[in-house]
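Colleague: Those protein sequence lines, which keep their order, are chains A and B. Counting from 1 along the first sequence, just add 11 to a position and that's the residue number in my numbering. Counting from 1 along the second sequence, just add 11 to a position and that's the residue number in my numbering.
Derived from the structure by calculation, the hints contain no laboratory data. Some clues are possibly wrong.
Note that the list lumps identical chains together, so a pair holds whenever it fits in one copy or between two copies.
Here are the simulated SDA-like cross-link-like pairs (lysine to any residue), alpha carbons at most 25 angstroms apart as the crow flies [to be verified]:
#1 K16 <-> V589
#2 K498 <-> W318
#3 K498 <-> H320
#4 K295 <-> D495
#5 K291 <-> Y483
#6 K284 <-> I153
#7 K295 <-> I475
#8 K295 <-> F480
#9 K454 <-> P606
2 protein chains.
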Amino acid sequence: FRDFKRELNLRTGVLNRSYLWVLKDGRELKLEFERFLSMPKVHYAGQRIRMTALNFSGEVVVTAGLDFSNVHHMVGKNLWDCKERNAGEKWCSILADTINTNQSVFSCSYFTGDAKKEQDIVESKKVLKKFTFYLEPHKTEILTRVGINQIKKEASLEEEEAFLRNCRNCEGTFHWADYDTLKADSAKWWERMWEDSDITIDGDELNQQGIRFCIFQMHQTYHGADRGAIIGAKGLTGEAYSGNTFWDTETYCLPFYIFNNAEAAKNLLDFRKLTLPEAKERAKALDCEGAFYPIATISGRECCSLWQHASLQLQPSTAVAYGIWHYEKVTKDEAFVFETGLPILIEVSRMLASRGDWNADHTRFGYYGVMGPDEFQMMVNNNCYTNYMGKVTLEYTLDVLERLNKKDRMAYDAFLKEHQVSRQELGQWAEYAAHMYIPYDDKTKLFEQHEGYFTLPHIDVDRIPVEDFPLYHHWSYDRIYRNDMIKQPDVLMMMLLHNRAFTKEQLLKNYEYYEPRCIHESSLSPSVHSILAVQLKKHEEGYRFFSFATRMDLDNYNRNTSEGLHTTSIAAAWMNIVYGFAGMRSDGDILSFSPSIPAAWNGYSFR
Amino acid sequence: FRDFKRELNLRTGVLNRSYLWVLKDGRELKLEFERFLSMPKVHYAGQRIRMTALNFSGEVVVTAGLDFSNVHHMVGKNLWDCKERNAGEKWCSILADTINTNQSVFSCSYFTGDAKKEQDIVESKKVLKKFTFYLEPHKTEILTRVGINQIKKEASLEEEEAFLRNCRNCEGTFHWADYDTLKADSAKWWERMWEDSDITIDGDELNQQGIRFCIFQMHQTYHGADRGAIIGAKGLTGEAYSGNTFWDTETYCLPFYIFNNAEAAKNLLDFRKLTLPEAKERAKALDCEGAFYPIATISGRECCSLWQHASLQLQPSTAVAYGIWHYEKVTKDEAFVFETGLPILIEVSRMLASRGDWNADHTRFGYYGVMGPDEFQMMVNNNCYTNYMGKVTLEYTLDVLERLNKKDRMAYDAFLKEHQVSRQELGQWAEYAAHMYIPYDDKTKLFEQHEGYFTLPHIDVDRIPVEDFPLYHHWSYDRIYRNDMIKQPDVLMMMLLHNRAFTKEQLLKNYEYYEPRCIHESSLSPSVHSILAVQLKKHEEGYRFFSFATRMDLDNYNRNTSEGLHTTSIAAAWMNIVYGFAGMRSDGDILSFSPSIPAAWNGYSFR
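Given the sequences, and given the hints that come with them, work out the whole structure.
Modeller: Put into structure tokens, the structure is as follows:
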């Protein structure tokens, strides 16, 4: 092989790859591959292969088609159940279900090109086509494919039949989907997108490339065309985390979409509405009322198998409420909140009311036996973040209800009736919120991560030998949990999400207390610290924490990009510039900015 | 069938069973079975069947032998790997290994009787013999079997060969083991035993029978002849808990043996010495130094598969130290403590030193991330029991070393050298013990079960619906852990084990605080409360808690006697009378008594 070149054009969304194939006998074949995913027609993708013989004539056989026989590397086996395999002139298709999660995919490819011969190979999990081309020197032969992938999540029988009808229909209507038109339309889509979303950095080419790569991946990962779709921890780029979405979606990804693709932001929240029944089931299983959102999910059901993580973390539920709140703060889209948000808020508030408890002397309400954002404090009482987010969620729910009441008394009454909400229940929520215990020491201005945290044994995290990391692999499981070391921001996370609620002094004191205790063993941790460091005018520290997010996958810092992109870290990179250096704050009634420029840059801009 | 009768003679240890078998055609056959386990020759057992035709003549075929094909009900499969099956004239044998725990059993039976015919049936996991008898009216035919069971735990190759040699030798030397001699010798053993161990109760026949049943089972369960043997939670009577021993052994069972079979008591402690290497391995796995004893074990290795129980409970380790301490308090057997106890104490102290930590301001030492005796507080800091037992273990270890030093300076120096104990290490232990944090409120005289316990949400346990019990089956797992309800005594357990260390007032205050919070969801809980209630002159309450232990299995209170005896509860029944009503205390330098008589009794006695 010679002259290998691979190029992703972020401006058009087209990936080009080419090389010269030199055979042992001296024959040289130039191969050029081109691929793209259509952004306006999200189910479509295009692929084109150009073959040019440089110094010979002869036959070339290209095998192309659909191969569902691939092995899931982590599970070690194939997870597709292929229900239909078809092939016709110039096309082939497979209809398959995923074995564990029961999702249907219809995949079909339509080929064009001047092949001399076309032969089908149909196996149990493959439908392939062998195209034979006759090459002559310096004459380029082209094989073009337009592919379509349609998915169906769990659906009713009628929906399933409609899905199948659509799928089969595709085959007939395929030829109108012209490769060049699709490509041009998609490039136009990207052009418009870059006009809205681009961030320019003057004087730092590497980070300029990095942040554009991040923006590109955010749009490519989640388009928002499909209500039921989610953002997996690895997007669509890897098997790790099994495609599950975490509460990162509402805290790290949502802000990007709110400002760059509001439709997508709505659809992310819609997913939580669609899966409200599963969250209610989960609450029941945990002896709670209302809705308990899963820590990891692809279908709405809890997919995390560690009970301590799945049962003790309330932040996925409060994050959904936070997402609605944040979306409304920026968009002022009250109608969406009344329609989609309120039923969620009601059920999350019910869960919060039933999961919480009064302390022994009945003076403080709070959450016992929880794991906050910092997973190194496994099972604690009155986690500050959890209690605070519980309090504001209850308050926000009551606020939205009150606004509905003022705006449309009848709709309000009808809503309360439909959801069987009594005045007494609302009164309880107000009481719980009013008495929510927020562990705080006014002398030191420190919020206590949880009751008793301040007296925990202290570890100087800088003195942990580097070969002990990651700790989950080198320390006995319980050893991680019995000191004041934290894995990721917890109190500081609260101070970022509700930034305006705290004073500069509080932020400074807590940052200086908690940052040295944090080992940043989550890829999201540096971003949060970067934003807050910049706010505290610790510019160098902010830039140091930032520098690692934008090019994390491009430069493969964590040596695991092969497992897939760090999607939420990519989202955080965007936040780092917009919330960090530009000091944007969107948790108030109006947007505010407090811009600064990193010393290494001449300037930067975004829209 | 008619006239069924089953009778266990506690005085002789012989079980008799008989009935009349009436066939459809009117023939009547009287069958009498007799069985016993030899107590002086512990590997031997006898069985005798007497058959008497009442109104007919004819052949009867008796199939007897060894059947290793039985299914383990909980696992749902057979767990024997039969390596040798043999049969000869009047005898048969099987040598088999347990599949998971790799323990060898050699089982052999020798038959005598006037059978007309004898036929062998050898299958993969059975060796049976068919004996044909010719019955004549009112002439009794007898089939007698002497059985032998020898076990071998994990052993070296030489030990294994010796074991096999012994096993095969048995067959030759079998005939000297005469049934009647074995039976008579065993009855003599029981006679002597009852002279030492009997407890008489005047005026309460049911409890009289109950306590004698308990004493009988204690002796039958653990004889002390075999150093490697342990007391499983169900003794040898059931599959539940897989034969595993718990820390109940040192806290509940050991006192009985100390006073009734000191050799057995030593052997129980010897088991912990034998399994010190496994406990050291376990400590390493938990990133600790020294020895961490398993919460459940049959081989010395941790057999509990729940990490939170296996990794967070330090009480098995401190209970071993307590067992040595208690044994010495009563027997004054210093030599045993120097030889067997001290190496254990050193390694447990090392574990305690490495597992503990200083609090944030370095003023208090304690244990973080532990589960105390009360398993309803899953992962807590500075559990009072754990800290206290840690403190006294460190102090006792230093005390034993100091005594060795005074007695034999050279042996002391050699011991320190052999176990690589430095003066500095001893100094650290003393410092940790001196600064051990015992959560205590001098105003209320209450010990706090763990840091933060007093502020936990309160549950009125009397108001939990009865159908919610057992809570493990009806409440979501984490719900159990977030309030002040306790499963079994924790602070009160500490006050029983080190009874003299606390004042009457402290005991009273803590009893009245903790007992109402306890749901006694451990069969051992009522016994502890019974003993302390009697000490506090709450006689009726003490008797109420007592009444349930002595006849628990005889009357099948918990509806699960079919799963096996509640062995440790049986041990506690003995403690209830001796430590409870008689008020014996053995945690001081001399025994003391403070007897009272339950109102329902005329009197009671023990030796």
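Colleague: State for each hint whether it applies.
Modeller: A quick look at each hint next to the structure:
no. : hint          : result
1   : K16 <-> V589  : neither (33 angstroms within a copy, 88 angstroms between copies)
2   : K498 <-> W318 : both (19 angstroms within a copy, 21 angstroms between copies)
3   : K498 <-> H320 : both (14 angstroms within a copy, 24 angstroms between copies)
4   : K295 <-> D495 : between (33 angstroms within a copy, 23 angstroms between copies)
5   : K291 <-> Y483 : between (32 angstroms within a copy, 22 angstroms between copies)
6   : K284 <-> I153 : neither (46 angstroms within a copy, 78 angstroms between copies)
7   : K295 <-> I475 : between (42 angstroms within a copy, 18 angstroms between copies)
8   : K295 <-> F480 : between (38 angstroms within a copy, 18 angstroms between copies)
9   : K454 <-> P606 : neither (31 angstroms within a copy, 56 angstroms between copies)
In summary, the structure is inconsistent with hints 1, 6, 9 from the numbered list given earlier, while agreeing with the others.
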